[in-house]
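Asker: Here the protein sequences line up with chains D and L, keeping their order.
Take any residue in the first sequence, note its place counting from 1, add 10, and you have its number in the numbering used here.
Take any residue in the second sequence, note its place counting from 1, add 66, and you have its number in the numbering used here.
It is worth saying that the hints were derived from the structure and are not from the lab.
The beta-carbon is built from N, C-alpha and C at its ideal position, and this holds for glycine as well.
Have a look at the derived ranges for each label pair, beta carbon to beta carbon: (1) 270(D) with 381(L): 43 to 49 Å; (2) 349(L) with 17(D): 17 to 23 Å; (3) 97(D) with 349(L): 24 to 30 Å.
Chain D is nowhere near these chain L residues, computed Cβ spacing over 12 Å in every case: (4) 87; (5) 89; (6) 92; (7) 93; (8) 130; (9) 184; (10) 194; (11) 199; (12) 201; (13) 208; (14) 240; (15) 243.
Using 27 Å as the maximum straight-line C-alpha spacing, the simulated DSS-like pairs for lysine-lysine come out as follows: (16) 308(L) with 403(D); (17) 55(D) with 174(D); (18) 394(L) with 88(L); (19) 403(D) with 305(L); (20) 55(D) with 24(D); (21) 305(L) with 394(L).
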Amino acid sequence: MDLALSSEYEAFRKEVADILEANRDKAPTSEDRGMKNDRRLAWQKLLIENGLAARTIPQAYGGYGAEPDILQSRIIAEEFARTGMPRPLANQGISMLVPTLLELGTEEQKTAYIGPTLRGEMIWCQGYSEPGSGSDLASLRTAAVRDGDDFVINGQKIWTSTAKQADMIFCLVRTDPDAKKHHGISYILFPMGTPGIEIRPLIDMTEAANFNEVFFTDVRVPASGIVHEENKGWQVANATLTHERGMLGDPNSTKARLVEVAELMKRETLNGQRLIDHPVFRDRLVALQARVYAMQANGLRITTARLKQENAGMAGLIVKLQGCELNHEIARLAIDALGELGVLYGVGEHIRDEGAWQWRYMYDLGLIIGGGTAQIQKNIISERGLGMPREPKPAAA
Amino acid sequence: MEFALSEDQRLLQDSINGFLDKTSPLDTVREAAAGDPAVRARVSEGLAEMGSAALFVPEDHDGLGLGVLEAVLVQEALGAAVAPARFFGDVVVAAAFRWDGDRGQQSDYLPKIASGEAKFAIALSEVVSARDGAGVTASGGKLSGTAMFAMDASDATHILVADRAGMLHVVAAGDADIKPLQTIDRTRTFHELTFDNASAEHLPNAAADDLVRLARLLLAADTLGASTAMLDKAVAYAKERKQFGRVIGSFQAVKHMCAEMAAEIEPCRALVWHAAHAIDTQDDEAPLMANLAKSHLAEVGTFVARTSTEVHGGMGFTDLVGLHFWFKRIGVNRQLLGSPEAVRTDAARLQGWAA
Numbered sequence: 011m012d013l014a015l016s017s018e019y020e021a022f023r024k025e026v027a028d029i030l031e032a033n034r035d036k037a038p039t040s041e042d043r044g045m046k047n048d049r050r051l052a053w054q055k056l057l058i059e060n061g062l063a064a065r066t067i068p069q070a071y072g073g074y075g076a077e078p079d080i081l082q083s084r085i086i087a088e089e090f091a092r093t094g095m096p097r098p099l100a101n102q103g104i105s106m107l108v109p110t111l112l113e114l115g116t117e118e119q120k121t122a123y124i125g126p127t128l129r130g131e132m133i134w135c136q137g138y139s140e141p142g143s144g145s146d147l148a149s150l151r152t153a154a155v156r157d158g159d160d161f162v163i164n165g166q167k168i169w170t171s172t173a174k175q176a177d178m179i180f181c182l183v184r185t186d187p188d189a190k191k192h193h194g195i196s197y198i199l200f201p202m203g204t205p206g207i208e209i210r211p212l213i214d215m216t217e218a219a220n221f222n223e224v225f226f227t228d229v230r231v232p233a234s235g236i237v238h239e240e241n242k243g244w245q246v247a248n249a250t251l252t253h254e255r256g257m258l259g260d261p262n263s264t265k266a267r268l269v270e271v272a273e274l275m276k277r278e279t280l281n282g283q284r285l286i287d288h289p290v291f292r293d294r295l296v297a298l299q300a301r302v303y304a305m306q307a308n309g310l311r312i313t314t315a316r317l318k319q320e321n322a323g324m325a326g327l328i329v330k331l332q333g334c335e336l337n338h339e340i341a342r343l344a345i346d347a348l349g350e351l352g353v354l355y356g357v358g359e360h361i362r363d364e365g366a367w368q369w370r371y372m373y374d375l376g377l378i379i380g381g382g383t384a385q386i387q388k389n390i391i392s393e394r395g396l397g398m399p400r401e402p403k404p405a406a407a
Numbered sequence: 067m068e069f070a071l072s073e074d075q076r077l078l079q080d081s082i083n084g085f086l087d088k089t090s091p092l093d094t095v096r097e098a099a100a101g102d103p104a105v106r107a108r109v110s111e112g113l114a115e116m117g118s119a120a121l122f123v124p125e126d127h128d129g130l131g132l133g134v135l136e137a138v139l140v141q142e143a144l145g146a147a148v149a150p151a152r153f154f155g156d157v158v159v160a161a162a163f164r165w166d167g168d169r170g171q172q173s174d175y176l177p178k179i180a181s182g183e184a185k186f187a188i189a190l191s192e193v194v195s196a197r198d199g200a201g202v203t204a205s206g207g208k209l210s211g212t213a214m215f216a217m218d219a220s221d222a223t224h225i226l227v228a229d230r231a232g233m234l235h236v237v238a239a240g241d242a243d244i245k246p247l248q249t250i251d252r253t254r255t256f257h258e259l260t261f262d263n264a265s266a267e268h269l270p271n272a273a274a275d276d277l278v279r280l281a282r283l284l285l286a287a288d289t290l291g292a293s294t295a296m297l298d299k300a301v302a303y304a305k306e307r308k309q310f311g312r313v314i315g316s317f318q319a320v321k322h323m324c325a326e327m328a329a330e331i332e333p334c335r336a337l338v339w340h341a342a343h344a345i346d347t348q349d350d351e352a353p354l355m356a357n358l359a360k361s362h363l364a365e366v367g368t369f370v371a372r373t374s375t376e377v378h379g380g381m382g383f384t385d386l387v388g389l390h391f392w393f394k395r396i397g398v399n400r401q402l403l404g405s406p407e408a409v410r411t412d413a414a415r416l417q418g419w420a421a
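Using the sequences and the accompanying hints, generate a full structural model.
Answerer: So this is what it looks like as structure tokens:
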């Protein structure tokens, strides 16, 4: 057990801090809106060139080309957090598609897509869930029928974030309706500008359209968009889902959120008494703090396992379930501490943090459900982690 | 950077677990619970031969000079086996002399603790929560008053007791009236100590707070071990027990209970290690982490104790499978040296969040 970093890493930390500091004037601000804002894209380019984004992606595909080093990645993340500088772009294309292509894409696909995606010039959306296929994703029915060098796609996707802004989609389609459900799926890439695609925003409980429905009517796309092999899309998708579950449950952002609530409770008063001095609210804060510390220490265990190229086992399996739940509960405490002020939402007097706590409380519930529901997570933990048997399949109707 | 147990630490775990499997299986625990003091003596002696009493004593006082991390690993194993054995007191008193004793006291006591010649009872409860008028007052080298929920007193030669001001004293066991307090947990004994002008030796650099936090972390580790054992038993039972023509572990209602227990327990393991490592490296956050570990393990342990019992259905409620020994050990750990609420108040105080 040794939590200290070697001097080599401390030197690396200084290097990162210096780069960020030297470029402070180039950092985009909240004024720079839009996914393809010039300043934002220029910042991303600068980060890649300095090895602070796309660090381990080969140079040939537009990355920085460094050897993977978990501690370096960690230090970079910590320095962004410490300096408050805008982080590298993190979208579904970068977090999910790029690792998938690196693993399973053709040379043409890698060359065409990875670079522009990393630079933020190409935005992707994910076409996985369907109205009838949520937790049972493999039952998806959006059909792709072969026609010469093309596929013709008909069907519907749901829970598609950034569909409107997306240039491209990575999509699961059924290419063999007669095969068993996991064996008739393909993973295919195509432009969102293809004729026959209709996007309808899906308003959610936060009052915003964080997701969309996407309809496909006779959408003709080239067969060269298949990743890996036809009818092997389930394997490809599983590679991607693993990347997504890694995204949801970063203990450092959870800790930052807890600190925010503690500050809020020091600032806000109830009948003249600071909330932090109110024993019941304070008790809840400390109870959550213990869980945050536990998840942070759990994160150290996972990092260590990765350094040794070992499987983190149970410590890794529980992260999505526990991390999302914890974020949700931290937001709930903030709302309860604010009491009636905590239900203000939108614009107006008395509102705190622009209603962010309510937004988080609702959005986090979406995260508990999305990316594998809490119940699916519990199946995974009990089956893969504890070796418990699968639910027997119902007899065919 | 490495946040994992070393090879030596894993070997220590394995050897203690192996020893307890052999020496303290459930039938043996039952004998101890029925009141046979020979069991505790036998298990404690075996552990001491493996170095448990010497573990936290520095090497220059004939000890092994190991750290808090090693101590919590042993305590975790003891909790997992609900072992009727002395260990907690050995570690806490070694820490008291290491941290708070003067040089003379260190030379006098530490080698005897390491060899098992001096066995200490630990009476710190009143620093945290004095009830029914309990508390000890020191005056002119003499102690008077009562101390409740003293641990490891049944075979003690000496007592380490904190007075009302949080000062630490050593008293010969023969100079106190030692009366058992019967709790739900029969795997360990707890005692009420009465001092009537008893001669006491004062530890000059005393800060009972540090010792309380170490003791709390050990209790958290004990609960971690007991909780892990209860999860393992629930999973094993659910894989065997059949109802409606299938093993109950294939029902999601049951699987999810097990998954929830695992999801709660797993981060606790890292929390306990981290808190122990923090004391060993004198991290500024060590006091906070020990309190967070104690309060959080109390909550998780309580959840696991209840849930595992439910997974066992009616059998969990009986004496036949003996699950209740773990349930009760966790229940006692939860209250010892502060309920979760009391410990969280201390954690808040450490951060300037409470007066």
